[in-house]
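K.L.:
Sequence:
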Amino acid sequence: MDSGRRDDSTVITMPESKSNGKGKAPAVAMATTKAAPGGWKKGVSIFDFILRLSAIGAALGATATMGTTDETLPFFTQFFQFQAEYDDFEVFLFFVVANGITSAYLVLSLPFAIVCIVRPHAVGPRLLLLIFDTVIMALTIGAAAAAASIVYLAHNGNPNANWLPICQQFGDFCQSTSAAVVSSFIAAFLLMFLVVLSGFALRRN
1 MDSGRRDDST
11 VITMPESKSN
21 GKGKAPAVAM
31 ATTKAAPGGW
41 KKGVSIFDFI
51 LRLSAIGAAL
61 GATATMGTTD
71 ETLPFFTQFF
81 QFQAEYDDFE
91 VFLFFVVANG
101 ITSAYLVLSL
111 PFAIVCIVRP
121 HAVGPRLLLL
131 IFDTVIMALT
141 IGAAAAAASI
151 VYLAHNGNPN
161 ANWLPICQQF
171 GDFCQSTSAA
181 VVSSFIAAFL
191 LMFLVVLSGF
201 ALRRN
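1 is the number of the first residue of the sequence shown in my numbering; add one for each residue after it.
Bear in mind the hints are in silico, worked out from the structure with no lab data behind them. Do not rely on the hints blindly, as some may be mistaken.
[Said to hold, decoys possible] SDA-like cross-link-like pairs, simulated, lysine to any residue; straight-line CA separation at most 25 Å: (1) Lys-41 / Ser-54; (2) Lys-41 / Arg-203; (3) Lys-42 / Cys-167; (4) Lys-41 / Leu-197; (5) Lys-41 / Gly-199; (6) Lys-41 / Ile-56; (7) Lys-41 / Leu-51; (8) Lys-41 / Gln-175; (9) Lys-42 / Phe-200; (10) Lys-41 / Leu-53; (11) Lys-42 / Leu-53; (12) Lys-41 / Phe-189; (13) Lys-42 / Ala-122; (14) Lys-42 / Arg-119; (15) Lys-42 / Leu-164; (16) Lys-42 / Leu-197; (17) Lys-41 / Leu-108; (18) Lys-42 / His-155; (19) Lys-42 / Ala-148; (20) Lys-41 / Ile-131; (21) Lys-42 / Ile-150; (22) Lys-41 / Val-123; (23) Lys-42 / Leu-110.
[Claimed, not checked] Listed next, with one range per pair, are the computed distances between beta-carbon atoms: (24) Thr-134 / Gly-157: 15 to 23 Å; (25) Leu-128 / Gln-168: 43 to 51 Å; (26) Val-182 / Phe-132: 23 to 31 Å; (27) Asn-156 / Leu-128: 37 to 45 Å; (28) Met-192 / Gly-43: 14 to 22 Å; (29) Ala-64 / Gly-43: 44 to 52 Å; (30) Ile-101 / Thr-68: 14 to 22 Å; (31) Ala-122 / Glu-71: 13 to 21 Å; (32) Leu-53 / Arg-119: 18 to 26 Å; (33) Ala-104 / Ala-179: 18 to 26 Å; (34) Gly-124 / Asn-158: 19 to 27 Å; (35) Phe-49 / Thr-134: 35 to 43 Å; (36) Ala-138 / Phe-49: 20 to 28 Å.
Quantities reported herein were computed from a predicted structural model and do not represent experimental measurements. For each residue, glycine too, the CB sits at the ideal point set by N, CA and C.
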C-alpha cells in the first residue's frame with residue numbers, strides 16, 4: 001500500500017512539472033501578439049504626420065496663390081482701368097480666410113500627431129484629431145467648391161444670365177485662381193484621408 005501511494009505521488013508530480021513548463025509558452029505568445037498592434041499603430045501615426053505636412057503645404061499654397069492674385073489689363077485710359085483682384089469677389093475672400101484657418105489648424109495639430117506617434121494606443125488625442133479634422137475638412141471643401149463655381153463662371157460665363165467669360169481678357173488671373181482651387185481640393189482630400197485613417201485606427205482599439 002505504501003509503495004503504491006509513493007508511485008501514485010510520483011506519477012502526479014511529473015505532469016505538474018510538465019504543465020508548469022508548458023504554461024510559460026502561452027505567456028510569451030501573448031506578449032508577442034500584444035506588441036504587434038503597437039508597431040502597426042505607430043506606423044499609422046507616422047503616416048498621419050506626413051499627410052498633415054503635405055496638407056499644410058497644399059493649404060498654404062492655396063492661400064498664398066489666391067491672396068496674391070490680381071491682374072491689370074495693359075490697355076486703360078485716364079479714367080478707366082481694367083483690373084481684377086481676388087478681393088473683388090466675396091467668395092474668393094472667404095476662400096482665403098478658410099484656407100488660412102485650415103493651414104493654422106494643421107500646424108497646431110502637429111503636436112497632437114507627435115503624441116500619437118509616441119503613444120500609439122492613446123485614444124484621447126486621436127479622437128480629438130478626428131473631430132477637428134472632420135470640421136476643418138468640411139470648411140475646406142465648402143470654400144473650394146464655392147470658389148470653383150466662380151472660376152467656372154469666369155472661364156465659361158452664363159449665357160442665360162448674360163454673364164460673359166472674363167478669362168479671355170484676364171488669363172493670368174484665371175490661371176492663378178484655378179491653381180488655388182486645385183490646391184485647396186488637394187488639401188481637402190488629404191484631410192478626408194486623415195479622417196478615414198483616424199477612424200480606422202480608433203476602430204482597431
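K.L.:
Does each hint fit the structure? Answer for all of them.
P.N.:
Taking the hints in turn, this is what the structure says about them:
1. As the CA atoms of Lys-41 and Ser-54 are separated by approximately 20 Å, the hinted pair is consistent with the 25 Å bound.
2. About 11 Å separates the Cα atoms of Lys-41 and Arg-203, which keeps this hinted pair within 25 Å; it holds.
3. Taken as a hint, the Lys-42 and Cys-167 pair is broken in the structure, with Cα atoms around 48 Å apart against an allowance of 25 Å.
4. A C-alpha spacing of about 10 Å is found between Lys-41 and Leu-197, which places the hinted pair at or below 25 Å, so the restraint holds.
5. Distance restraint check for Lys-41 and Gly-199: the Cα-Cα separation of roughly 12 Å lies within the 25 Å cut-off, and the hinted pair is therefore satisfied.
6. Distance check on the hinted pair: Lys-41 and Ile-56 sit about 23 Å apart at the alpha-carbon level, within 25 Å; holds.
7. Proposed proximity of Lys-41 and Leu-51 is supported: the alpha carbons are some 15 Å apart, at most 25 Å.
8. This hinted pair does not check out: Lys-41 and Gln-175 have alpha carbons roughly 41 Å apart, beyond 25 Å.
9. About 13 Å separates the Cα atoms of Lys-42 and Phe-200, which keeps this hinted pair within 25 Å; it holds.
10. With a C-alpha separation of about 19 Å, the suggested pair Lys-41 and Leu-53 falls inside the 25 Å cut-off, and the hint holds.
11. Of the supplied pair hints, the one linking Lys-42 and Leu-53 holds, its CA atoms being roughly 17 Å apart against a limit of 25 Å.
12. For a cut-off of 25 Å, the pair hint linking Lys-41 to Phe-189 stands: about 22 Å separates their Cα positions.
13. For the hint linking Lys-42 to Ala-122, the alpha-carbon distance of about 11 Å falls within 25 Å, and the restraint holds.
14. Distance restraint check for Lys-42 and Arg-119: the Cα-Cα separation of roughly 8 Å lies within the 25 Å cut-off, and the hinted pair is therefore satisfied.
15. Proximity of Lys-42 to Leu-164 is assessed by CA-CA distance (about 54 Å); at most 25 Å being required, the pair is judged violated.
16. Restraint check for Lys-42 and Leu-197: the C-alpha separation of about 12 Å stays at or below 25 Å, so the hint holds.
17. A distance of roughly 21 Å separates the Cα atoms of Lys-41 and Leu-108; the hinted pair therefore holds under the 25 Å criterion.
18. Restraint check for Lys-42 and His-155: the C-alpha separation of about 46 Å exceeds 25 Å, so the hint is violated.
19. Between Lys-42 and Ala-148, the direct Cα distance comes to roughly 37 Å. Violation of the 25 Å bound is thereby established for this hinted pair.
20. Between the alpha carbons of Lys-41 and Ile-131 the distance comes to roughly 19 Å, so the proposed pair stays at or under 25 Å and holds.
21. Taking the CA atoms of Lys-42 and Ile-150, the gap is near 42 Å; set against the 25 Å cutoff, the hint is violated.
22. Straight-line distance between C-alpha atoms of Lys-41 and Val-123 comes to about 11 Å, which keeps the hinted pair within the 25 Å bound.
23. As the CA atoms of Lys-42 and Leu-110 are separated by approximately 15 Å, the hinted pair is consistent with the 25 Å bound.
24. For Thr-134 paired with Gly-157, a C-beta distance near 36 Å fails the hint of 15 to 23 Å.
25. Checked against the hint of 43 to 51 Å, the C-beta distance between Leu-128 and Gln-168 comes to roughly 48 Å, which is consistent with it.
26. The hinted range of 23 to 31 Å is satisfied by Val-182 and Phe-132, whose Cβ atoms lie roughly 24 Å apart.
27. Taking 37 to 45 Å as the suggested C-beta distance range, the pair Asn-156 and Leu-128 conforms, at roughly 42 Å.
28. For Met-192 paired with Gly-43, a C-beta distance near 20 Å keeps the hint of 14 to 22 Å intact.
29. Between Ala-64 and Gly-43 the C-beta distance comes to about 32 Å, which lies outside the given range of 44 to 52 Å.
30. Remark: the range hint 14 to 22 Å for Ile-101 to Thr-68 is upheld by a beta-carbon distance near 18 Å.
31. Range check, Ala-122 to Glu-71: about 49 Å between beta-carbon atoms, so the 13 to 21 Å window is missed.
32. One distance hint, 18 to 26 Å for the beta-carbon pair Leu-53 and Arg-119, holds here, with the actual separation near 20 Å.
33. Between Ala-104 and Ala-179 the beta carbon distance is about 21 Å. The supplied range of 18 to 26 Å therefore holds.
34. Checking the proposed 19 to 27 Å range against Gly-124 and Asn-158 shows it is violated: the Cβ atoms sit about 49 Å from each other.
35. Take Phe-49 and Thr-134: their Cβ atoms lie about 18 Å apart, and the range 35 to 43 Å is violated.
36. Distance hint for Ala-138 and Phe-49: a CB-CB separation of about 22 Å, consistent with the stated range 20 to 28 Å.
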